[in-house]
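Put together the whole structure using the sequences plus the hints.
Protein chains: 2
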Amino acid sequence: MQKQPTIRDVAQAAGVSVAVVSRVLNPGSGPVAALTRSKVSDAMETLGYHPRTAARELKHGPPTTLGLLLADVSNPFFAHLADLVVQEAHSRGIQVLLMTTQEDDRLESERLATLIERRVSGIIATPTGNNLEIWKKLQDLGTGVVFVDRSIPEMPEVDVVSINNVESARSATALMAAHGHRRIAIISGPATSTTGRDRVAGYQEALREAGLAEDRTLIRSAAFRGTSGGDAVTALLNLQDRPTALVVANTAQVTAVLRRLAHAGISIPDELSVVVFEDSPWTELMTPPLTIIRQPIDMLARHSVQLALSNANGTTTGKPTTVRVDAELVERSSVVAPKTA
Amino acid sequence: MQKQPTIRDVAQAAGVSVAVVSRVLNPGSGPVAALTRSKVSDAMETLGYHPRTAARELKHGPPTTLGLLLADVSNPFFAHLADLVVQEAHSRGIQVLLMTTQEDDRLESERLATLIERRVSGIIATPTGNNLEIWKKLQDLGTGVVFVDRSIPEMPEVDVVSINNVESARSATALMAAHGHRRIAIISGPATSTTGRDRVAGYQEALREAGLAEDRTLIRSAAFRGTSGGDAVTALLNLQDRPTALVVANTAQVTAVLRRLAHAGISIPDELSVVVFEDSPWTELMTPPLTIIRQPIDMLARHSVQLALSNANGTTTGKPTTVRVDAELVERSSVVAPKTA
DNA sequence: TTGTAAGCGTTATCAT
DNA sequence: ATGATAACGCTTACAA
Numbered sequence: 001m002q003k004q005p006t007i008r009d010v011a012q013a014a015g016v017s018v019a020v021v022s023r024v025l026n027p028g029s030g031p032v033a034a035l036t037r038s039k040v041s042d043a044m045e046t047l048g049y050h051p052r053t054a055a056r057e058l059k060h061g062p063p064t065t066l067g068l069l070l071a072d073v074s075n076p077f078f079a080h081l082a083d084l085v086v087q088e089a090h091s092r093g094i095q096v097l098l099m100t101t102q103e104d105d106r107l108e109s110e111r112l113a114t115l116i117e118r119r120v121s122g123i124i125a126t127p128t129g130n131n132l133e134i135w136k137k138l139q140d141l142g143t144g145v146v147f148v149d150r151s152i153p154e155m156p157e158v159d160v161v162s163i164n165n166v167e168s169a170r171s172a173t174a175l176m177a178a179h180g181h182r183r184i185a186i187i188s189g190p191a192t193s194t195t196g197r198d199r200v201a202g203y204q205e206a207l208r209e210a211g212l213a214e215d216r217t218l219i220r221s222a223a224f225r226g227t228s229g230g231d232a233v234t235a236l237l238n239l240q241d242r243p244t245a246l247v248v249a250n251t252a253q254v255t256a257v258l259r260r261l262a263h264a265g266i267s268i269p270d271e272l273s274v275v276v277f278e279d280s281p282w283t284e285l286m287t288p289p290l291t292i293i294r295q296p297i298d299m300l301a302r303h304s305v306q307l308a309l310s311n312a313n314g315t316t317t318g319k320p321t322t323v324r325v326d327a328e329l330v331e332r333s334s335v336v337a338p339k340t341a
Numbered sequence: 001m002q003k004q005p006t007i008r009d010v011a012q013a014a015g016v017s018v019a020v021v022s023r024v025l026n027p028g029s030g031p032v033a034a035l036t037r038s039k040v041s042d043a044m045e046t047l048g049y050h051p052r053t054a055a056r057e058l059k060h061g062p063p064t065t066l067g068l069l070l071a072d073v074s075n076p077f078f079a080h081l082a083d084l085v086v087q088e089a090h091s092r093g094i095q096v097l098l099m100t101t102q103e104d105d106r107l108e109s110e111r112l113a114t115l116i117e118r119r120v121s122g123i124i125a126t127p128t129g130n131n132l133e134i135w136k137k138l139q140d141l142g143t144g145v146v147f148v149d150r151s152i153p154e155m156p157e158v159d160v161v162s163i164n165n166v167e168s169a170r171s172a173t174a175l176m177a178a179h180g181h182r183r184i185a186i187i188s189g190p191a192t193s194t195t196g197r198d199r200v201a202g203y204q205e206a207l208r209e210a211g212l213a214e215d216r217t218l219i220r221s222a223a224f225r226g227t228s229g230g231d232a233v234t235a236l237l238n239l240q241d242r243p244t245a246l247v248v249a250n251t252a253q254v255t256a257v258l259r260r261l262a263h264a265g266i267s268i269p270d271e272l273s274v275v276v277f278e279d280s281p282w283t284e285l286m287t288p289p290l291t292i293i294r295q296p297i298d299m300l301a302r303h304s305v306q307l308a309l310s311n312a313n314g315t316t317t318g319k320p321t322t323v324r325v326d327a328e329l330v331e332r333s334s335v336v337a338p339k340t341a
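Protein chains in written order, with the UniProt record's numbering: chain A, 1 to 341; chain B, 1 to 341.
Mixed in with the good hints there might be a few duds.
The list makes no distinction among identical chains, and a pair is therefore deemed to hold if it is satisfied within one copy or across any two copies.
[As the list claims (entries may be wrong)] Taking lysine-lysine and the PhoX-like style, the derived pairs with C-alpha atoms no more than 20 Å apart in a straight line are: (1) Lys137 to Lys3; (2) Lys319 to Lys137; (3) Lys136 to Lys319; (4) Lys136 to Lys3; (5) Lys3 to Lys339; (6) Lys59 to Lys3; (7) Lys339 to Lys319.
None of these hints come from the bench; they were simulated from the model.
Here it is in structure tokens:
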């Protein structure tokens, strides 16, 4: 186990001062003679020198790391988002500290404390909805905060990047209505989440447009974690006047819902038409291939990183930005006209 | 945008010296009077003080971050691994820097350079197979290096955590043989990867045990990225003597394979029995439910973190550790006896 | 063009 | 029990 050479070792080996080494390390920070430069480079090479990030950051170096705080990474949607955020960040020379909250605001506050201590330049997060004060503080500190996928209504000053939740749920529901369904159910995220609320709003809008009456028993919100989606299905199936169509607007609960449906022996789309908010490749491999709402995750990733970085150092342009990208309804074969009973 | 208070500000506000503040920050580092402690705590509270990690690390503080270098995080297997690694690390107060290589050794070397500069205490990685010198250097530097899922044969000195690839492929193949299949194909990872080679070895072993002759045309290695799995399927289907069973041992190519199979109108398991190395929930939702090899990802995550951390600071116990956990063959409905032609 | 030296925010060693 | 003060490795005026 060898000891790490410092800038001083390099300077000595090259027969110059540390200032010169620093200059070749940071091109543009000052003049260096070509010959000197190569001598220094050689020294760095032979010594196997690597500048220490911690020291650089301490000396008000531009913070080069970004926090990515997600609910969890097992969820394919978040996994894909993480993948793209990392790629996008790397292409800008930024590193990503990955953290998860498990939808637990207690854990969230701990993670945020760590992020504060690290003085990350920005944070891209799916907030639990609490810890308002900490988020505020982060912004005051000049951290670029961006909420992705969801937001916190009480915090309109934070930038948000998400799909148009209202519109996507509306289009999914409208598709059902267009096929002649009159009893359309929705399983959404918890009512405390903006995605949950917005998607239900879109659903209601579609109902209104189709001249359909709203039935509260057909609106089920399921927690993101656990198997709440399955229970929602069971509840729906136990209704005396069962729905003929179902919009699964809670991405984290899609497999739980489908599993319960399969278990109950419900045949899709004969007994139940289905649209899910989930665009993993496997949705196309199902029998029948599922009609889905596809989220442009690459757009979400790109905008999140860009905003987080541009908001860093309090370079906030004043009014908060809200990026709302359109999701795409991909029609496959899980929606058909209801059986006339 | 407020300025961040330093330890000096706290000291001043509390009317003590910085040394005292540092002591209350690091309990056990020295005596502090109870009254003093509370005064300091109050000052920290009202000022909203957070110690700066960069400064602490500079002052030979225990490195508290770990690098997780994966091929990509879109792959559900890696995503799940990342999720659990993060959880495990957090439970030990360690942070995780997430990076991806896209299976590109050029990118890998860049990421590794960054990790060296950050002086991370450990790295958990799915190596591309190259950059041998850098990996060696990392170890010399006292970084705890752990290869997960795959390994590099030329680097027996590095700890490895993976499933028993030989045995899992053997059991999957043996299942086919037990059902009476005689033409069993396998689509594995590239021959340059240890997982690819090991799984093929297990496949061959099972063939031998079943007294079946090996047919080279039934062994297809597909790259991890892209849609190479689909091409392998097509090649297999074009054989004049088609296989009646297929082991998909390349996790990253499972959906590509299934998609091509569906596209070709091959019915599972009637025309082709299938076992896949992939345990995402959706495999159970397919028609028919897929027989799979389930990897105990939680074990992989736990051991990886533990090893990476214990190997840090050159605390290497001498001989490298190899943790090989057993994968589980979960029989569902995608394997049946071959149709007697 | 290059060198000197003063920080950056902590921790740790001595004194007091 | 508390306080000065010297590092830690790097950047950056300011000199030379």
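Alpha-carbon proximity context of Lys59 and Lys3, limit 20 Å: Classified as between: cross-chain Cα gap 15 Å, same-chain 23 Å, threshold 20 Å.
Homomeric proximity label, Lys319 with Lys137: Cα distance no greater than 20 Å: Classified as within; 17 Å inside a copy, 48 Å across copies.
Same-copy or cross-copy closeness of Lys137 to Lys3 [CA-CA at most 20 Å]: between (39 Å within a copy, 11 Å between copies)
Intra/inter-copy verdict for Lys3 and Lys339 if alpha-carbon distance must be at most 20 Å: Close neither inside one copy (75 Å) nor across copies (66 Å); limit 20 Å.
Alpha-carbon proximity between Lys136 and Lys3, which holds within one copy, between copies, both or neither at 20 Å: between (42 Å within a copy, 14 Å between copies)
Intra/inter-copy verdict for Lys339 and Lys319 if alpha-carbon distance must be at most 20 Å: neither (51 Å within a copy, 68 Å between copies)
Intra- versus inter-subunit Cα pairing at 20 Å for Lys136 with Lys319: Within one copy, since 15 Å is at most 20 Å while 50 Å is not.
Hint check: violations occur at hints 5 and 7; the rest are consistent with the structure.
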